[in-house]
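Protein sequences, first through last, are from chains A and B.
All residue numbers for the first sequence refer to the numbering used here, where the first residue is -16 and numbers rise by one.
All residue numbers for the second sequence refer to the numbering used here, where the first residue is -16 and numbers rise by one.
If you are wondering where the hints come from, they were derived from the structure by calculation, not from laboratory data.
Hints are supplied without guarantee of correctness; some may be wrong.
Pairs count within a copy or across copies, as identical chains cannot be separated in the list.
Said to hold, decoys possible - Calculated cross-link-like contacts (lysine-lysine; reagent style DSS-like; alpha-carbon spacing at most 30 Å):
#1 329 to -11
#2 55 to 272
#3 -5 to 240
#4 62 to 31
#5 62 to 160
#6 282 to 265
#7 55 to 275
#8 338 to 160
#9 154 to -5
#10 285 to 333
#11 272 to 62
#12 274 to 62
#13 62 to 282
#14 274 to 55
#15 62 to 154
#16 274 to 160
There are 2 protein chains.
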Amino acid sequence: MFKLEKKDKSTKARAGVIKTAHGLIETPVFMPVGTQGTVKAMSPDELKKIKVQIILGNTYHLYLRPGMEVIKEAGGLHKFANWNGPILTDSGGYQVFSMSALRDISEEGVYFRSHLDGSEHFIGPRESIEIQEVLGSDIAMVFDECTPFPTTHDYACNSVTLSVKWAGFCKEVHRLKNQALFGIVQGSIYSDLRRKCADQLVDIGFDGYAIGGLSVGEPDSVMYEVIDITEPCLPEDKPRYLMGCGTPLNLLEVIAKGMDMFDCVMPTRNARNGSAFTSHGKINIRNEKFKKDFSSVEKNCKCYVCSHYSRAYLRHLIVAGEILGARLLTYHNLYFYTKLMRDARKAILKGKFEKFKDNFIKEYSN
Amino acid sequence: MFKLEKKDKSTKARAGVIKTAHGLIETPVFMPVGTQGTVKAMSPDELKKIKVQIILGNTYHLYLRPGMEVIKEAGGLHKFANWNGPILTDSGGYQVFSMSALRDISEEGVYFRSHLDGSEHFIGPRESIEIQEVLGSDIAMVFDECTPFPTTHDYACNSVTLSVKWAGFCKEVHRLKNQALFGIVQGSIYSDLRRKCADQLVDIGFDGYAIGGLSVGEPDSVMYEVIDITEPCLPEDKPRYLMGCGTPLNLLEVIAKGMDMFDCVMPTRNARNGSAFTSHGKINIRNEKFKKDFSSVEKNCKCYVCSHYSRAYLRHLIVAGEILGARLLTYHNLYFYTKLMRDARKAILKGKFEKFKDNFIKEYSN
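Just chain A, with the same shape it has in the complex (with noise of 0.2 Å):
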């Protein structure tokens, strides 16, 4: 299922491919968000225009609404969207554990209410997997535990013991073809955890390997180290995926780290609120300097956006609450994350990742 093609010199970075029933994937890969069965404000059809390779749906929005039912219908979560490329699911777990009022948690699972309307649930490992069955994504993450940041070695420690548990039983049930399954290494910061956990996994063995966990408000050298702790227990041959990383920075440090796949929503949400990624940093759209300001978001991007609108004009259309803002800004965000993803594979594949490195960095923090 996953190729690796060059294994960079001066760091852990890799290039690989990944091999799903929707297609290839190039790694290192940016998938962005799709929550409620659409990247927020974007059409499929744009979405390849940028080149995204593969999205993100997410179990616990879609399995309260619209439901199991109309997506089984549906023929699955890809007829449904009008997506024809790669799609990976996460197991839900994350959701219940943070946006559901939870009821009760067991070895079997978890009893919660909707946050959308109180109603009551389960889901645990075997549920997970039937609901990402239905959905049937090409690549599925088993049910587990998130740890909050912090959270005490004692709480993390019995979170590891189960979630590896749940992640044994979710390879026993998983049955779809064509389907891929990743474990997800939890333990917070700790790194016997983290270790334990990590081998644990590797043991039951799956397509590739989550780091979770992370990006949950710890400081970045935090997660830099729980990174560098964790990756040698990851198998070479095997994916590995960052989950809910991170700023074009982190993508790039952690891509050093050998990590392959991110997903974060900042492109897509920081779009909403105005937020433009550029090679110069972060710029936000609605500040009063903007007004006048017909140059493009960024000057030498070829995406439509920049091909096409001024900073004035997006300004206007954010300040003004206009759909077309978001779609726009979201768009170049997502052009930037690609590109950014696209251009480190590059860089990785002819061993000059780490100059490039350095060169985006610079010129990103100045």
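Using the hints, position chain B against chain A.
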């Protein structure tokens, strides 16, 4: 500027072509409303795909935000908004009277407070024409007072006197080459005032004539009567624009009464609320019955949305508050409106308008 191509024999329907600085417009034509420099939820590219021929911009809104300095430096509204097709701008009168806090009305114009921030402004016929000159629209409208419904004969009479005076002054100060200037017939529901206003405007002489003060809450029958009274006063060789109208059935009725141009927020605003137009009438996509309806919004519709998305998915998007839902329904509704106008035009050119209209109404009302 206007070429009358064909007159229907059994109705007053007309097919024509309006020549503007940014291209030809085939009539009858529906003009999507682009209040703040964007047709809500749509990109200019999408408007072109739907074969939208001309969009409307609102002088009042654009004057307040982003303001004339910005549009001037951008080189006009076309460049600012990346729309190279024809634009019609209203005069600002309607919004000054309906949206802002009025301070003082005189023969020179209106002092008012912005609905956005309470700031004080003055717009009269001179200012309106100057603003529309900066906007650089292809068709400008005279500054007028749009009386509400109902209005007394006394009020309407004085208002017509003022509006005609303003219309004359607008023509005097209008100087932009390549920008047409349309007069607006007011007079509420009063035949004598409508006739007087139309006659006086025709005496002044404009490139086209609008009927204003309708679609403001009066019954359809009253609107139709006013058009029947006014239309014979308008010269045949100029385009007639019925402002703010209407439903698909309204449009066919008023085309039959000799109207050529139309604008309405209905297809766009309704879309954002989940209403979709079909040849069998309007449907509310939020309805529970569409939850597992995997057919397209309209069976034989050739639009992008109907070719790619199901009612069930659109329902999900709208219920979940996703921007893509507003986008896709807006797209379909504008396609529906523009196609209705194209079909009406074809029928007129073939001498079969009445039959087309009867068939459409029959199907739509069933």
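Intra- versus inter-subunit Cα pairing at 30 Å for residue 55 with residue 272: Between copies, since 17 Å is at most 30 Å while 50 Å is not.
| task | State whether the alpha carbon distance between residue 62 and residue 160 is at most 30 Å within one copy, between copies, both, or neither. | result | within (18 Å within a copy, 52 Å between copies)
*30 Å Cα threshold - placement of residue 265 relative to residue 282*: Within one copy, since 14 Å is at most 30 Å while 45 Å is not.
Pop the pair residue 274 and residue 160 into one bin, within, between, both or neither, using alpha-carbon distances up to 30 Å. between (54 Å within a copy, 28 Å between copies)
Is it within, between, both, or neither for residue 338 and residue 160, if the alpha carbons may be no more than 30 Å apart?
-> Answer is neither: 41 Å inside a copy and 56 Å across each miss the 30 Å cutoff.
- Query: Quick one: residue 55 to residue 275, C-alpha cut-off 30 Å, is that within a copy, between copies, both, or neither?
  - Reply: between (50 Å within a copy, 10 Å between copies)
Identical-chain pair category, residue -5 with residue 240, by Cα at 30 Å: Result: close within a single copy only, 5 Å intra versus 74 Å inter.
Quiz prompt | Within, between, both or neither: residue 62, residue 154 at alpha-carbon 30 Å | solution = within (26 Å within a copy, 57 Å between copies)
| message | Cα distance capped at 30 Å. Does residue 285 pair with residue 333 within a copy, between copies, both, or neither? | response | within (22 Å within a copy, 47 Å between copies)
Up to 30 Å CA-CA - residue 282 versus residue 62, copy category: between (38 Å within a copy, 18 Å between copies)
With identical chains, the pair residue 62 and residue 31 could be close in the same copy or across copies; at 30 Å between alpha carbons, which is it: within, between, both, or neither? both (16 Å within a copy, 27 Å between copies)
Could you figure out if residue 329 and residue -11 sit no more than 30 Å apart (CA to CA) within one copy, between two copies, both or neither?
So residue 329 and residue -11 pass the 30 Å test inside one copy only (10 Å; across, 61 Å).
Comparing the model with each numbered hint stated earlier shows that hint 8 is the single one that does not hold.
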